[in-house]
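Asks: Listed below, chain by chain, are the residues.
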Amino acid sequence: MLNKYPAWKNILILLVVIWGLLYSLPNLYPDDPALQISHESLELTAGDMPIITTALEAAQVDFFGEEVDSESIHIRLNSLDDQLRAKTAIEDALTDDYIVALNLAPTTPGWMQAIGAGKMNLGLDLQGGVHFLMEVDMDAAIERRMEDNLSNIRTILREQRIRSRGLNLVSNTHLEVRFADTEDRSQARSELNSNFPELQIQSREAEGVFILDLRMTPETALQIQRDTLQANRTTLLNRVDALGVAEPTVQQQGSDRIIVELPGLQDPAQAIRILQRIATLEFHLEAELGAPSLSYETYTYEGVPVNVDNDVILQGDRVSNAVYSLDQNSQPQVLLNLDAQGGNQINRITRDNVGRLMDVLLIETKSRTVTSINEAGEAVEETEFYEEKELIMHAVIRSALGRQFSVTGLSPREASDLAPLIRSGSLAAPMTIVEQSVIGPSMGQENKEAGILGVQVAAALVVLFMAAYYRVFGLAANAALIMNILMIIAVMSSIIPATLTLPGIVGIVLTVGMAVDANVLIFTRIREELANGFSPQKAIDAGYDRAFTTILDANLTTFLVAAVLYSIGTGPVRGFAITLMIGIITSMFTAIVGTRAIINLVYGGKSVKTLSIGGSIKPVVAQA
Amino acid sequence: MLIEKQIDFMGQRRIAGFASAALVVISIISLAVNSLELGLDFTSGTSVRLGYSESVVMSEVNQTLDDNGYEDAVVVSFGSDREIRVILAVDENVAIGDQAAQAAVVGETIAALLGSNSSSEVTLLGSDYVSSKVGSELAESGGIGMLVALGIIMAYISVRFQFKFAVGAVVALAHDLIITLGIFSVFRMEFNLNTLAALLAIIGYSLNDTIVVSDRIRENFRRMRKGSSIEMVNTALNQTLSRTLITSLTTLLVLLSILFIGGESTQGFAIALIIGVVTGTYSSIYIASNVILYMNVTREDLMLPVKEGAELDNLP
Numbered sequence: 015m016l017n018k019y020p021a022w023k024n025i026l027i028l029l030v031v032i033w034g035l036l037y038s039l040p041n042l043y044p045d046d047p048a049l050q051i052s053h054e055s056l057e058l059t060a061g062d063m064p065i066i067t068t069a070l071e072a073a074q075v076d077f078f079g080e081e082v083d084s085e086s087i088h089i090r091l092n093s094l095d096d097q098l099r100a101k102t103a104i105e106d107a108l109t110d111d112y113i114v115a116l117n118l119a120p121t122t123p124g125w126m127q128a129i130g131a132g133k134m135n136l137g138l139d140l141q142g143g144v145h146f147l148m149e150v151d152m153d154a155a156i157e158r159r160m161e162d163n164l165s166n167i168r169t170i171l172r173e174q175r176i177r178s179r180g181l182n183l184v185s186n187t188h189l190e191v192r193f194a195d196t197e198d199r200s201q202a203r204s205e206l207n208s209n210f211p212e213l214q215i216q217s218r219e220a221e222g223v224f225i226l227d228l229r230m231t232p233e234t235a236l237q238i239q240r241d242t243l244q245a246n247r248t249t250l251l252n253r254v255d256a257l258g259v260a261e262p263t264v265q266q267q268g269s270d271r272i273i274v275e276l277p278g279l280q281d282p283a284q285a286i287r288i289l290q291r292i293a294t295l296e297f298h299l300e301a302e303l304g305a306p307s308l309s310y311e312t313y314t315y316e317g318v319p320v321n322v323d324n325d326v327i328l329q330g331d332r333v334s335n336a337v338y339s340l341d342q343n344s345q346p347q348v349l350l351n352l353d354a355q356g357g358n359q360i361n362r363i364t365r366d367n368v369g370r371l372m373d374v375l376l377i378e379t380k381s382r383t384v385t386s387i388n389e390a391g392e393a394v395e396e397t398e399f400y401e402e403k404e405l406i407m408h409a410v411i412r413s414a415l416g417r418q419f420s421v422t423g424l425s426p427r428e429a430s431d432l433a434p435l436i437r438s439g440s441l442a443a444p445m446t447i448v449e450q451s452v453i454g455p456s457m458g459q460e461n462k463e464a465g466i467l468g469v470q471v472a473a474a475l476v477v478l479f480m481a482a483y484y485r486v487f488g489l490a491a492n493a494a495l496i497m498n499i500l501m502i503i504a505v506m507s508s509i510i511p512a513t514l515t516l517p518g519i520v521g522i523v524l525t526v527g528m529a530v531d532a533n534v535l536i537f538t539r540i541r542e543e544l545a546n547g548f549s550p551q552k553a554i555d556a557g558y559d560r561a562f563t564t565i566l567d568a569n570l571t572t573f574l575v576a577a578v579l580y581s582i583g584t585g586p587v588r589g590f591a592i593t594l595m596i597g598i599i600t601s602m603f604t605a606i607v608g609t610r611a612i613i614n615l616v617y618g619g620k621s622v623k624t625l626s627i628g629g630s631i632k633p634v635v636a637q638a
Numbered sequence: 120m121l122i123e124k125q126i127d128f129m130g131q132r133r134i135a136g137f138a139s140a141a142l143v144v145i146s147i148i149s150l151a152v153n154s155l156e157l158g159l160d161f162t163s164g165t166s167v168r169l170g171y172s173e174s175v176v177m178s179e180v181n182q183t184l185d186d187n188g189y190e191d192a193v194v195v196s197f198g199s200d201r202e203i204r205v206i207l208a209v210d211e212n213v214a215i216g217d218q219a220a221q222a223a224v225v226g227e228t229i230a231a232l233l234g235s236n237s238s239s240e241v242t243l244l245g246s247d248y249v250s251s252k253v254g255s256e257l258a259e260s261g262g263i264g265m266l267v268a269l270g271i272i273m274a275y276i277s278v279r280f281q282f283k284f285a286v287g288a289v290v291a292l293a294h295d296l297i298i299t300l301g302i303f304s305v306f307r308m309e310f311n312l313n314t315l316a317a318l319l320a321i322i323g324y325s326l327n328d329t330i331v332v333s334d335r336i337r338e339n340f341r342r343m344r345k346g347s348s349i350e351m352v353n354t355a356l357n358q359t360l361s362r363t364l365i366t367s368l369t370t371l372l373v374l375l376s377i378l379f380i381g382g383e384s385t386q387g388f389a390i391a392l393i394i395g396v397v398t399g400t401y402s403s404i405y406i407a408s409n410v411i412l413y414m415n416v417t418r419e420d421l422m423l424p425v426k427e428g429a430e431l432d433n434l435p
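If you read the sequences in order, they're chains A and B.
Be aware that the first sequence starts at 15, since it is given in our numbering, and climbs by one per residue.
Be aware that the second sequence starts at 120, since it is given in our numbering, and climbs by one per residue.
Wrong hints could be hidden among the right ones.
Restricting the straight-line Cα-Cα distance to at most 30 Å, the calculated cross-link-like pairs of lysine-lysine (DSSO-like) are [as the list claims (entries may be wrong)]:
#1 A:K620 / A:K23
#2 A:K552 / B:K345
#3 A:K552 / A:K623
#4 A:K552 / A:K18
#5 B:K252 / A:K403
#6 A:K620 / A:K18
If you are wondering where the hints come from, they were derived from the structure by calculation, not from laboratory data.
All values reported here derive from a predicted model rather than from experimental measurement.
For reference, chain B alone in the conformation it holds in the complex (with noise of 0.2 Å):
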């Protein structure tokens, strides 16, 4: 059983903090150079959503749009093989106040144009069209949102617990977020809306983790009478070790569930939150923790603030 074998967790603090901190500095050096591969939300375009009655051979699907004048047509499988997405740029030479309808007409003409020049059938699924000034102000609106929900928690982690355990808890967030950002850009999969809800909701849950061992390390503190700061620090990891694996290994199954059943449109957000479950769950043992004890937490930082009456009483 889990919760009967001690395991000394802070005995590879530094190993651990040594690897964290190498993948942090790998995916801010992606990030800077790769960058993200921003989908049509953040930058802007047209996209068109086709489905075809057998599956899609992609040369000829661009075969048949360089031919026609597309040649800057990006294609795309979209989930199964009998899915595509066509994406547009912004045509240079449209008013923007006209991009609108030409991005309506478009997605019909291009459908029309493959399906004549296909065996299979082509319908047109649906479309999209972002102008370039609405993808920028999400972006910016998506970053002040984290840095707004980290502050809020900041604050509400200094009230309820104590500062050291608030900068612990951010820390190990950012590390979150990084990594997930990270490995987004390495493996230049899309950015898009969805992702960025999934960070956020990264938060919420990598938060929830690191809360959960916060609080049992608080009550250690105040009830273990013995021990070393990391002696505490070990028996509260040990103690929520089973719960922090059930409830990692729950909302797993249940983002298995939708990255494999929930339909394309939620793929990116699965796996967002499936990488930030992962690094979520590690970084409440090890990131939050580690932070606690390099900033030499101790019993008094934690002890129950004392009532005035008792204080009053006790004056000579």
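Same shape as in the complex, but just chain A (with noise of 0.2 Å):
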């Protein structure tokens, strides 16, 4: 029959608005202020609660819903002020191993937590926080794989009695091996090539001298930022950790770039020193008396002169954990604990070198702005990262070394920065700060709430335009647009844990003025097709139909645009894109189907002889 849905038809709208309202009823409960404190190392009980309760209650601050879960103990407080005060009572009351976080809790009931049904992510731009864009210097990391290689390199020729007359990295992804005849030398390239599959290896031969060139394939180059990526990322994570911030992101943008956001944090200074504090340690050998004077260079330790080989022997990577301790004659130390390979790296070296003095060298990468002419004669501006080294350790290695050892020889200030510095891991590659925001809680608040305003004014003046334009058809468009705003939230909430940002909801908003576009599509062309002498039930289904390809145009190729909004763009960009896409869907849904069951209730399978659509257009007999 016209203008009746069947049973299942309906059946399935309703399930879908019952999905939409659960799911986007856990946005209405607030979040309380809480904290999180955990420890770097243990686990904490119940029996630790009574030293947090004990401080809060001397510092007067009200609390309540403390509890412990697996790792770490959780406390709610009654506002964001309160949150900050606890926060200093409990760190002053615990050592500095244990980590206090600020964080949100959720008050949605249990059940609605049962069914997986949570709240929207908020942006920084919607709740405050340090926003931060860091850059990685690739080149940095490529050459340091070339300078691992090169020592190795010269350990295999050593292993193997080749005698070479010298090696040396000509660039960052290029490096040549000498040699005094071709018999060393194809000796040399089917050992090389066996062990070193990431090098293309080409012979050459200059004024008598025998050349290997061997050059990192492009491959390689991919893979190794790939990688420095993806390890840079994990240790800013750790780092980030430290910070206290509850629910950080740290995502990648990009091939050389990472994301950082520590929402609530508002001391981006002390981030700053935390996250891009640089600084790795080196491992080398003394140079031997009379070692050709380009195979090391020169350090003071102590105010003396030490000649310091150019071979790494060990990179700072390769250390596990460190930890700061005094030793027997109360002098600071860093003990440092080595994964698997470094400590055979280290017990092979150690072994053959008993009585030799090891050096470790701290070194901190800086980076400073230079001014160079490109080739269009415009001065360019780059990044120039340039690396501070210091010699910390300079001592005699008495047997061989296993994976733990520790580094002396160091003031116990040095000594407790190293230990967490190397800890939280060593950058595998330098970065800069390229892009930074802090957004204050108060312009956080202001911005939502200005944001949920307009949408609620937004929303107000269409309904009311179209309720007044379009009487019953336009309450059919007013309830889809409700419904509309409610299923982008709900998926917002849940399927896809998009961000909500401030340009966010202005797609959103966006979304309400162009959504009703659909029905007004419908609606003027049902009453074309009453002024056309279509009976109300055939106008309403022929103005549904024809307005049909034209809605599935408009929102397609709107669709595209947002698609590509989202794949070029950052940032705010993307958040707007996101929730005009999911937008553009949802309301073809509630527009078109939502619609057509409400007006299919109210005038399907009777006969009617009016309908109530607004307009000056003389009601039409049905010609039967």
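Assembly of the complex is requested from the two constituent chains, each provided in isolation within its own frame, with the hints serving as guidance.
Replies: Rendered as structure tokens:
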């Protein structure tokens, strides 16, 4: 029958509506400010609770809902203000190896959490916090790998007793090894070929010297980029933990950037100190007496010049843990643990070199701006990284070292600074902050309130207009409109864990304006068909039918634009694009299927003389 | 009632064409001469947002900053009379790696400085730092995005409608974008990341309008046996007029509420879109249809493709 949906279709629509209501509901429950207290290595138990509650009582901060879960303690506070005071009070009461993180605890009822209904993630612009965009220096990462290769090649040649006349880096992807004759060279070539599949090897002869050119393949360089980005991201995640932020975001962007978002944090300077400090260790042997002057560099150690061999016997990223302590003479030391490969490496080298001196260099990477002239003759600013190396340990190898040993010769401050720095993982490559934004908590709150009010006012205006202009049909469109907003929220809360930002709210508002477009198209078409002399039932059917292709074309093209926006954009642009895309899809459902179901319920299956669709069109009597 | 009266839109097509061409030329000239007032997102530097407990005396703020070594700082009011934004250029003497750290501190410093030299309480609302590298990339990817979007739309309309309609739609879009950018340039309004997003949203909106009109033109060509191309287009424009106006109205209602209520951060976005909606409504009536007529659209262009089977049946 005309204008009657089958029962299954109505039930399906009803189910979708219920789903939308249910999964958008949790957003009505505001979170409690909370603190999460954990320990670097221990699991917290109920036994740790009294220290915390006593500290809070002493500071006269009201709290509630304290609980212990797997590893940490959670405490809820009444206000954001109390949260900060409580954090200070608890930090004072506990030692430094406890981490007190600002957190938000959900207040949604248990059954909602049980069905997986949660809240939307709010972007930093809506809740305050610090945002960084960091750029990784990939050239440095690649160069470092080549330095490693250089050192390994030297070891292999020595082990295989192949004599070379020196080897050195030509560029950061190219190194050369020189030989006195072709025999040595071909022997080396076959040896290196099997050991270094990542290097392309070519033979060359120049001025009586036989040379092997080893170049890194582009695929390897790409792989190093990927690995480096991943390694830096992991390191940043570890470092961020030290900042006491409950839900940090550390995500890759493009091929060489990392976004760090720290909700709730208000001191960017502290964050930068911890995130950006780049320090690695390098282990070397002291150069032997009479070694060629190109094979070592000279550093000063306690006022005395020391010649440090250029070969790195161990890179700092082999260090798996570092702890600050005092040795038997009450001198500060850092106890190092190496990973398995690092342990083997240092053992092999120190075994053969007992009695020689081992040097440890602390390398801090800094950057500066240099201006150069590009091909077009314009002055271009570029970031240039440079390293500051300091010799921090110069000690005799007394026996073969294993996976655990200590670094001494540090001042107490140096030792206590160095330990956590090494522990949080050294960065695989240096990074600079290229973008930073701090949003104060009041600003976030303001944005949120303004955004929500904007949506409400916009929706109210559109709803009033539609009801006045299209009467009963307008009401159907309004029901669909409200359903559409709820469904966008429900989708963002559960299916696509997208973050809601201020531009995202604008996207929702814009969808509100444009979602009624589908209904306007349908309703004007129905009016037109009525004016053409169609019966009300036929006009409804024809109106929906004929408007459909137009709506589909219009929405599809807009969706394509939103998809382009999403794929090229970052941050705010993406936030806008994602809500726009979700809104287009949900509005197709609510504006076409949803309103049709309502109209069918009101008018369908009975004899209708007039339609309440507004306008000055004379009601047309059905011409049977 | 709007749909009962036939308006001869295409009668004015030459006048409209000249008017649009003039606006586009003015916009391009302004963009070439004035260029755009690029925001921090596209340039570089540090921007500090400050909140005052009383209304801000701008001259006082400028004076305090000048006296304390921030001569180059630009102070702009930000929405209300109690909020300002202080924009500082990147200090060339600071290493790039340390600029962010410096930006983090400069906010606190300026807030304290202005607070101690003012009767009102000054709070730091937030700060932004953008290095020059990121900014230029954004502008580039935004431009590419716009071209990609236009290309995809052209392909889609060519397939769904016909090539002449695709040209009409893209010319209309370019018209809207150039005029919106031109207005931003003439009135020296800040062009930032939000405005860029708005421009891309305008593509979506204006396209929506154009497609609805094109759809109707196509339908009329297929259904109506008689009438010139101009009559077909005119009828379609009249048939869709009430829808065009109502949708523009609801969208404008929504944008005005963003403009007045949504807070400062989204104002640029709302303004750009309002301009875009107005030009988009106009261009879907005059530009797209005009181009289609200019390209001599015929009924044959829009006939449904004849099925192969049908053709075979007619063979002798």
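Asks: Between the alpha carbons of A:K620 and A:K23, is the straight-line distance 30 Å or under?
Replies: Distance ~19 Å between A:K620 and A:K23 Cα, so the pair holds.
Asks: Hey, A:K552 versus A:K18, does the alpha-carbon distance stay inside 30 Å?
Replies: With Cα atoms ~12 Å apart, A:K552 and A:K18 stay inside 30 Å; holds.
Asks: Checking one constraint from the list: CA of A:K552 to CA of B:K345, max 30 Å. Satisfied?
Replies: 26 Å, holds
Asks: Are the Cα positions of A:K552 and A:K623 separated by 30 Å at most?
Replies: 12 Å, holds
Asks: Please work out if B:K252 and A:K403 have their alpha carbons no farther apart than 30 Å.
Replies: 28 Å, holds
Asks: Below or equal to 30 Å on CA atoms is what counts here, so check A:K620 against A:K18.
Replies: 10 Å, holds
Of the numbered hints listed earlier, not one is contradicted by the structure.
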